[in-house]
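Protein chains in written order, with this note's numbering: chain D, -7 to 254; chain S, 11 to 397.
Worth flagging that the hints you see were computed from the coordinates, not collected in a lab.
Where a beta carbon is used, it is the ideal one built from N, C-alpha and C, also for glycine.
With a straight-line Cα cutoff of 20 angstroms, these simulated DMTMM-like cross-link-like pairs (lysine to aspartate or glutamate) come out:
no., chain 1, residue 1, chain 2, residue 2
1, D, Lys213, D, Asp228
2, D, Lys213, D, Asp229
3, S, Lys358, S, Glu368
4, D, Lys213, D, Asp19
5, D, Lys108, S, Glu87
6, D, Lys132, D, Glu95
7, S, Lys358, D, Asp135
8, D, Lys132, D, Glu113
9, S, Lys358, S, Glu264
10, D, Lys108, S, Glu57
11, D, Lys65, D, Glu75
12, D, Lys108, D, Glu95
13, S, Lys358, S, Glu277
14, S, Lys358, D, Glu136
15, S, Lys129, D, Glu128
16, D, Lys132, D, Asp111
17, S, Lys129, D, Glu113
18, D, Lys213, D, Asp21
A short, non-exhaustive set of chain S residues, derived as facing chain D with CB atoms under 8 angstroms:
no., residue
19, Tyr49
20, Gly83
21, Arg108
22, Leu111
23, Ala363
With beta-carbon atoms standing in for the labels, derived distance ranges:
no., chain 1, residue 1, chain 2, residue 2, range
24, S, Arg173, D, Leu251, 54 to 64 angstroms
25, S, Gln121, D, Glu136, 16 to 26 angstroms
26, S, Gln364, D, Gly171, 25 to 35 angstroms
27, D, Glu136, S, Ala92, 24 to 34 angstroms
28, D, Lys132, S, Glu263, 18 to 28 angstroms
29, S, Pro22, D, Gln(-3), 23 to 33 angstroms
30, S, Ala29, D, His249, 52 to 62 angstroms
31, S, Arg152, D, Phe59, 55 to 65 angstroms
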Amino acid sequence: MSTQQAVIQVQGLVNRFGSQAVHANLDLDIRRGEILGVVGGSGTGKSVLLRSIVGLRQPNAGSVMVFGENLLKLPIERRSQIERRFGVLFQRGALFTSLNLQENVALPLIEHAGLKRADAEHLARQKLALAGLPPEAACKYPDELSGGMVKRAALARALALDPEVLFLDEPTAGLDPIGAAAFDQLILTLRDALGLSVFLVTHDLDTLYTICDRVAVLSQKRVLVVDTLPAVAATDDAWIHAYFHGPRGRAAQDAAHMLENR
Amino acid sequence: MDHTLSQPDSRPGQLQRQATGDHQAALLVIDGNWTLRHYAALRSAVEGLRQQVSAGDRVELAGLGELDTAGAGLLVELLGPARISRLEEWAPQLPAERLALLRTLASAMDQPKASQPPKTNGLADVLAHIGGFLAGLWNQQRTLLGFIGLTLQTLLLVLINPRRWRITSLAAHIEQTGLDAIPIVALLTFLVGAVVAFLGATVLADFGATIYTVNLVAFSFLREFGVLLAAILLAGRTASAFAAQIGAMKANEEIDAIRAIGLSPIEMLVLPRVLAMLITLPILTFIGMLSGIVGGLVVCTLSLDISPTMFFNILQRDISINHFLVGLGKAPVFAFLIAVIGCLEGFKASGSAQSVGERTTSSVVQSIFMVILIDAIAALFFMEMGW
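Pulled out of the complex, with its shape left as it was, chain S reads as follows (with noise of 0.2 angstroms):
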């Protein structure tokens, strides 16, 4: 340990009170070292002799050994503050220093106690918390419809002014949402369209209709899973991402430094990255369907004996371009909803790290669930419309 806080020799700080021949007064004796390494000590002698201490007791400071500022503030409690500030009156032995830290102390504990908090019981808490949430939910979507409506706006007034259009910002953009996420978005849908095959032809084998997994994979793939991958991975990749860049540049008040020098925050960080989404999203739909595909065809070539030749013609003669349609019309939409929702997450954080943190996590979750909700409308939508 290091030695101020536990010289071996250190003495302990000791308070004591005697009673002396006048039955007004007493006598303090206060002896040792008063410093952190005895506070916890100390200060329960000082609260148990607080109340019984008067103006006129004596004070003997003759024994005190180091003091440093912890104990300085317990004899500041100790004895009040208006007494310690007439300190060389009636200590006039104590060294110059001591006593300039005693009165610094003095001044600065020379304050009304603040009010505590109140205390609540717990069954209000709880159904305060459940009304402070869903008032949080329904005003977290109108905020989410108002950013939406102010970034078409903004949108649209830039789309017909060529000279704000921000190219390098968008590039940069494409690049981190789009191009470093094509190895991993064709890895996991290879992963799920092998997957499915072999699921598909466990349960086609007892029918013995092996042959129509193909259909199957191709269904899936063009229809749903391409796209609501594609769109899960970027929620839980892109939208964080948006929302941590974002969050730290509030915190760090770029975002107020933005709007002081007279430029739209909207226009500079939200809209290159909807537009990125919004294009690199359907890319990477089609790359998530084509190796969804693959690894059907794989599975399908290698343990159910069905030839590429005939993969493929099964896949034209069967599957119309409609389903393929069906699924990449849906990309946009989550594109949009993916980026909106992260920007939108991480202009809401304040300036601390853990709100940072806590709004990356909602604007995962929120995409997720606005991707998954609006995919199974979606599917309603399309089979009531027989597409």
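Chain D extracted, bound-state conformation (with noise of 0.2 angstroms):
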């Protein structure tokens, strides 16, 4: 399943606030059906990335191709269709808050998959009950529910399409620890049955070492490093030892271990 194929690729990506460059010459690329780890210190531009890949964000230079194809210079038409294969968590779940929940999922069900608004809204109770939301919870609106809920709504409004890249930023922050364990589970059960390409940008390092493939280190403006999990903590650089090697570090890296030998 895990094909060497790209489906996302950036090249020499440079973003820029101001005189303040957030990457320069950064390149990374996304595999099908690969589980995409990003991780950073505050600031690096995980988000940042995230938002140029998506096309929310006009990079100063630089190309991201998109299944083959750079997003950017698409006509609207055509970008919308691409759009469509995304699914983007965002970090404080940018729900729609004159929706309420059950609408929030249903919406690009009814948009883009043309289902009736019944059938769309019985699906999208599904896909909220997937992300381990209550069945009462559909008909709240977001205002309503806590950091938590928010988050698991958005995964559901972000999973409504089935999409083939999903992109996922923290999602497990602000969830306790058996709904961020639960989650890495649905992500990696729905990555295997639908093979899903994932980008995941995290702080949580339960996440890291439970689901992802492969690991990319954002620091000092580029890619400072993409592996799997062991080689990257193997690399010889004093702020990815800190990270990998501290105490919260190690104790993951337990956990992980005690999880695979059970």
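Join the two chains, each given in its own frame, into one complex according to the hints.
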């Protein structure tokens, strides 16, 4: 399943805010069917990279090829067709506050998959259940929910169309450990069954150890290293060493080993 | 169309129930692609067959093509979560990842159904809506009075303690609400002044009393139009800005943060805005009066043959200072109400974008309503007093 074919190729990406450069000549490939974890200290431009790939930000230089096409140079109609193959979970959920949860999830189903409202809402309730929300949450509005529930609902919306590429911006932040573990398993199950590619920005070391096939480290305005987790952890760099071999990193590693041996 | 949603060779999913020799059990044939693209057709097939499916039915999955979460959800609905969770016993040929997907969906959907909200009838809904609206109106006035009291109390506490004066914030709000509004207030009152002069000239010409156009313009602008137009403009321009600013802060939990730091949102957010309005609206009123009278003056000079010298002579002779004072005296009252209503509506916003919009609208409607209501009451009062 994990062929070497890249669904997304980022080449020579440069992003600047005023005089401050966030990315300088950044290269990164996302392969079909892989779960790619993206880590980096605060302010290293993880979310900016995600926004550049999804087409929400015009990079200052460089190209982003999505399914072999440059998203920013396509006509609007073609671009919308490609964007339908993406599912994006934003850091703060970004649910539509004027719609209740099932309407939030049903929206892409009605607009893009052409379902009738009754069918779409029925399917939306299934997606919400899949993301771990209780049935009575379906008719609630986002401002009545806790942060963790908003995250789950946002995941349900990102999964609505069974996207080929799933972008997750810190999905497990704000979830309790049980919920976070269930979340990891759900992503893994969906990837195996549907062959999704997942671009996962995270600070959660448990997630990295449990589900990521490769890990990219953003540092010094570029991708410092991208490889399997043991190879990345063995890289000779002060920040990477502190990240993976600190007390939290060791604990997560031990936990992952225990999980495998069980 | 994108290729997952519509592959040209996509084989539609099919569901058939075939009777077998055994009259208890039937054979369910599941065939084709069970994907989002065929969802509508598949769902109606599943709904139609669900009552007939019994636990003893055999299931034939060999023809199953693509399967996504939508299709898997339908399969779980058809066969029931209990049966899907024993899937590996009766469908061992299914690949492990599909097994995992179906079981994940089965465990997610194995929950009691949410109770549907009770249906209500139309007439009761309308009556309940009217009742709720009236109760809301009453509550709104009570909250407004409470908020005014709170603001005045905080104002007194802050005034006696110069260290708590927020001069920077006050100056910024004076600039936004006052200085930036001068051009629009001046232009609008100038135009209305010209219109009033034209109207006066047309009507008064029949009586040969065109000269009284001067009195008409001066009277109306000093007593009413200067302050009313400035107040209505600020109600639209500033009350809405206050409501939107504070509403967005509320949605972003900034108000809660101010409270948690141990500061008073009234003191930090409301007082500078109220004081800025109290300072700027009288000034804008004065500007409005002047440019309204200038509008009248221009019309008088250009089309009525009343020279500026004559215009000012009549002003000086006929118009006493108390008309000006009556007009200006209303400005602080309007300013206070507009600012307080704008801020209060902002505080009432909840987390959603829609409620910020509703509160902003409500702040404009309420403050314009209040301005006109108070102005009408004041006009009656001043007339009775002979001022």
